[in-house]
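Enquirer: Hey, can you work out the whole structure from these sequences and the hints?
For the sequence shown, UniProt numbering assigns the number 1 to the initial residue and increments by one for each residue that follows.
In case anyone wonders, no lab produced these hints; they're calculated from the structure.
It should be emphasised that the depicted structure is a prediction, and the values quoted were computed from it without experimental measurement.
All the pointers check out, no bait thrown in.
With beta-carbon atoms standing in for the labels, derived distance ranges: (1) 581 to 283: 37 to 43 Å; (2) 538 to 227: 37 to 43 Å; (3) 340 to 298: 48 to 54 Å; (4) 283 to 176: 42 to 48 Å; (5) 28 to 134: 29 to 35 Å; (6) 362 to 177: 43 to 49 Å; (7) 117 to 138: 23 to 29 Å; (8) 287 to 343: 40 to 46 Å.
Straight-line alpha carbon distances no greater than 25 Å define the calculated DSS-like cross-link-like pairs of lysine-lysine that follow: (9) 505 to 483; (10) 556 to 142; (11) 229 to 586; (12) 364 to 376.
By construction, the Cβ of each residue, glycine as well, lies at the ideal position given by its N, Cα and C atoms.
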Amino acid sequence: MKTLIKNGLFFSGMPNEKAIKQDVLIDDDGRILEIGLSNSFSEEGLNIINAEGQWIVPGFVDSHTHYDAELLASPGLKESARHGVTTIILGSCSVSAVYNSAEDTADSFTRVEAIPRDVMLPLLEKEKTWNTPKEWKAYISKLPLGINIASFIGHSDIRMKAMGIKRSLTDNESATPQEREMMLDMLNDALDEGFIGLSTMDNPWDKMDGDRYWSHKTPSFYASWKERKSLINLLRERDAILQGAPNLVTRINALNYMLASAGIFRKPLKTTMIAMMDLIGDRYIYPMVAFGSKAINSLGNANFRMQSPPCPFTVYYDGVDSVMFEEFPSGEALRHLAKELDQRNELINDRQFRENFKKEIKKKFAPKVWHKDLSKAVIIDCPDASLIGKNFYEIAEENNKHPVDEFLDTIIKYDKKIRWTTTIANDRKEKYKNLYNFKYNLISFSDAGAHLNNMAFYNFPLKMIKIVQDSIDKGEQIMTMEKCIWRLSKEQADWFDLDCGYLAKGKMADLVILDPEKLKNITENVDIEPIKEFDNYDRLVNRNEGVVSRVMVGGKTIFENEDFVENYGKTEKYGRFLEKVGQKNKHLKKAV
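Expert: The following block contains the structure:
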């Protein structure tokens, strides 16, 4: 039966198309048949959806997720879908779940992405029957997908397969010519199947899990840029995309990504890098990255985009179970001993260790993502209820101790039973106008599906919409709402070459109906809900009651009135695997 959505304020996803009240007629096959002024269609024999007083917008695109494991157990991806995200991209940060064994794959994912290994490994051992992109795609196509999926292939994935896990994790061990040829073949195979490109990783924080190679960096980190050259050349020739994370300690090799994108005497390479944020601990990095991005695009004929979350970047941690501690040596040592608590506590009690920790945590000019300001670290759960609501500085003053000593003593006493929160970036709303309107970033980096009990940005599109609408209501407009919707949908779909994110005749009806009167229900608060399919592992989630009235994928309703349709993610398939549009050539060989 055809569906008619009537009386809604219609946003096409184009920034310069003024939103007006229109009706949307959807055909039986899920495509938009017509768009017209209100009451321009006969309602006879149609399924009628009345969107009076509401907005009809394209489904949002989340271009940086780690749903590679959750997709296998819960293909509805409910935490994104309920907020109007109808397309996600996985395979980020060099890790994908395609080529390697269940154990090798899990070990490359679970520590760095804070996904429970005792859940992901058995899941992969049970489900993983594929070893190639074609086989993975065939498996995915049989799942009852709730929303649309696109994917990078991970550099760590192909390097580990080509070299073997041990050699791929060895310092100064380069791939042989034969192994480089294997990696080219694997990348070619992925591109042939519609994967959008290659994701890489240069950040030393990203480390392996498991007993075999605990605390080794992920395989992509060990690859020189000379070794990567043939892969990057292949991406350029096939009009594919490079995603990467620079070394967040030194930051210098961010230039490698920018220069790789440059198109002087060659084609530019679409390149996206994480992440451009207004860091509390380093206020200079945001303008520096913005300047570099603008320079390489305008002067270097590049197609380079940073990724930027549009809201305060607030995190939640249990003890020192945080990747942020990897950015300085003393914290790195604590993380390394996470499985050996007696040894870790002995180290914490060492006087010299404490002195080193104090020196490292207060370094003003060292590159940093975490501000390391313990006065901004607020305890939200602890066996000692008197500590809840206080920061570590306050507790230290009460006990006449150094804040670092207080922090380390509480870690010994409570370990992961002490839970604290802090905001590390995007705390200054006066900077949002520049962030939202910057020409060379993508509104992205939710990390959905990872860091399950450390952060929750599943509703980042709704947060941006609220912030923009608030600015309009105050007469201090950050941007038009049309441009805001475009940044969250069509802009990203176009940049990643995906056929989605736009509402027009002939397009699939992946759309969201929003109630603007309920935007006030969007807050920075998070809730905790267990993931049933992950052995009830707790996940931080966002809730904004009433804001999303309905979500449709392929012309069918998947979410309505704060609930999913029956058997969603279990039997009926709504989403689809999105191949990169216009992928050039097939299995193009490049000399190694």
